[in-house]
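Asks: Read off the chains here:
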Amino acid sequence: MDKALIELLKSGVYETLYMTLISTLIAYVIGIPLGVIVYVTDTKGICKNRIVNFISGAIINIVRSVPFLILLVAILPFTRLVVGTTIGSDATIVPLVVAAAPFVARLVESSLKEVDAGVIEAAKAMGSSKIQIITKVILPEAKPSLLIGATIAVSTILGYSAMAGFVGGGGLGAIAINYGYYRYKTDVMLITVAFLVLIVQFFQEAGIRIVNKIDKRLR
Amino acid sequence: MIRFENVSKKFFSKDGEIVAVNNVSLNIKKGEVFGIIGFSGAGKSTLVRHINLLEHPTEGNIFFDNVNLTEANEKELRVFRRKIGMIFQQFNLFSQRTVLDNIVYPLELAGVGKKERIKRAEELLALVDLVDKKYSYPSQLSGGQKQRVAIARALATKPDVLLCDEATSALDPITTRSILGLLKEINEKLGVTIVIITHEMKVVEQICDRVAVMSEGVIEEAGNVKDVFLNPKSSTARRLIMPDDRVKYLYNDRRILRIAFEGQSSYLPVVSSLTIQCETMINILGANTENIGGKAYGQMLIEIPKEADKEKRIKQYLDEHGLYYEEGGGVNG
Ligand SMILES: Nc1ncnc2c1ncn2[C@@H]1O[C@H](COP(=O)(O)OP(=O)(O)O)[C@@H](O)[C@H]1O
Ligand SMILES: [Mg+2]
Chain A
1 MDKALIELLK SGVYETLYMT LISTLIAYVI GIPLGVIVYV TDTKGICKNR
51 IVNFISGAII NIVRSVPFLI LLVAILPFTR LVVGTTIGSD ATIVPLVVAA
101 APFVARLVES SLKEVDAGVI EAAKAMGSSK IQIITKVILP EAKPSLLIGA
151 TIAVSTILGY SAMAGFVGGG GLGAIAINYG YYRYKTDVML ITVAFLVLIV
201 QFFQEAGIRI VNKIDKRLR
Chain B
1 MIRFENVSKK FFSKDGEIVA VNNVSLNIKK GEVFGIIGFS GAGKSTLVRH
51 INLLEHPTEG NIFFDNVNLT EANEKELRVF RRKIGMIFQQ FNLFSQRTVL
101 DNIVYPLELA GVGKKERIKR AEELLALVDL VDKKYSYPSQ LSGGQKQRVA
151 IARALATKPD VLLCDEATSA LDPITTRSIL GLLKEINEKL GVTIVIITHE
201 MKVVEQICDR VAVMSEGVIE EAGNVKDVFL NPKSSTARRL IMPDDRVKYL
251 YNDRRILRIA FEGQSSYLPV VSSLTIQCET MINILGANTE NIGGKAYGQM
301 LIEIPKEADK EKRIKQYLDE HGLYYEEGGG VNG
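Chains A and B are the protein sequences, given in the same order.
All residue numbers in the first sequence are consecutive under our numbering, ending with 219.
All residue numbers in the second sequence are consecutive under our numbering, ending with 333.
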């Protein structure tokens, strides 16, 4: 393998990790509050609110139902507004976040739903405020499940980032398309695919190990 | 101390209206152990959840130390809730916190400093006899130990009242006995008023001073445990005391003796000994006993023979063997 190719793959892996992790992080900054809002305003939630629940649920569903590649193109003007360009890794982060935040919100919501209603009731009976129930009971109780959700989110966002390679995004996806698809270099494409698989495996394995370590229900 | 005044609670659902609590008035006195017994779905949990306003009444008022709780705002309610501890059938411990951190939680809410919190938690651990489990997680504990942690947690803020919703229903008979013993100790030593919900007469019998019998949202009767036991007026109470149908055949002219088994002996030798003693078959009208480690707990109702000497011999036998008994009058049925 020539040196240039190795350099190319190196920067591809770096860009992919950069896009994926930054997007996941920002998606969680938006997705956790959004997921919490949908969860607590539900008819069985601790702050029932039909209107807020409907609006937040609708936003999530609408964004989630748009296929990623279409969303990516549709928000190009917005992407240019935020990062000043529509190509490269930074430009890919914007659509990744937009697509991933509602997905993360649903993951968060389903993790929170797993928290035992009896435990929440006990916390209420002890005189907890609603904020305290969320921050001191629901989120800590859901922590292991939230972490499992995060590994799913990382893999999904990684997949999206590779797709973005088709329309000028950076990273391994762009390499696979430019070399493997346009120039028929099947070997390069296979190597990039192998790297993508390895990265997903790494995050999944790491996630499961951390969960096993922190989940106190498993002992 | 806790007063229900014409409290009703209705739930509205797709299938219509459910009256879970129907015009209940009740007075629970300071320092007593008050039982609420009834079959599943009677409305017991809903009623008790009104005491800490986890449930708002559709009608009526609830007073705690003469303060009308239904008029309190959210913030005032949170302060009241610290004076009212609660434990549950499923324990409801925080699975991701250690035993110590579970107990400390209500103190965190109350803004107690860290050092003091831990000191208080350690006192409570000693009270419930779990000092060596301080750093364990709930998943590492048995059911009885979990309930002890829940009790310690409920007592952390030194409440005046402890509500127990089927607190022993998920436990085996031996563990049930020890948890009820602990509750009694808490009642006697700390002066905590205890409200116990149960569907088991033996729980009421072991620790309650007074009991209310509930069915379909209504309190059918309430009174001292002994009176309700010996002279149950409602059909629900009768069914709870004597699960079998024999009670139906009781007549007013029969005299009934209730023998309480509190672990002094086992059940069978007593029956056969009594038979030999008074040289006649003992007519057992009903029994509600449980065998724990070869000892009987519970009660048995027998018909007192018409002959005075046989009656005397029975009582003599029971006296000699340290068995508690009392005579029950007419069961109206
Ligand atoms: N949140 C609720 N919504 C609708 N119905 C309820 C609710 N809670 C209780 N009920 C109904 O109220 C009745 C009494 O329930 P509950 O108080 O749990 O009885 P118990 O504790 O005696 O078994 C039942 O018919 C139950 O289905
Ligand atoms: Mg109940």
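The set of hints was computed from the structure by calculation and includes no laboratory data.
It cannot be assumed that every hint is accurate.
[As the list claims (entries may be wrong)] Straight-line C-alpha distance at most 30 Å; calculated DSSO-like pairs for lysine-lysine:
(1) 48/A to 14/B
(2) 113/A to 115/B
(3) 14/B to 113/A
(4) 75/B to 213/A
(5) 115/B to 143/A
(6) 130/A to 295/B
(7) 14/B to 136/A
(8) 136/A to 114/B
(9) 75/B to 185/A
(10) 119/B to 130/A
[Stated by the list, open to error] Chain B is faced by these chain A residues, among others (derived, beta-carbon under 8 Å):
(11) 128
(12) 206
(13) 209
Keep in mind that this is a model prediction, so the values were computed, not measured.
Glycine included, C-beta positions come from ideal geometry on N, C-alpha and C.
Asks: I'd like to know which numbered hints this structure contradicts. Please list them from smallest to largest.
Replies: Of the numbered hints given earlier, those the structure breaks are 2, 4, 6, 7, 9, 12, 13, listed in rising order.
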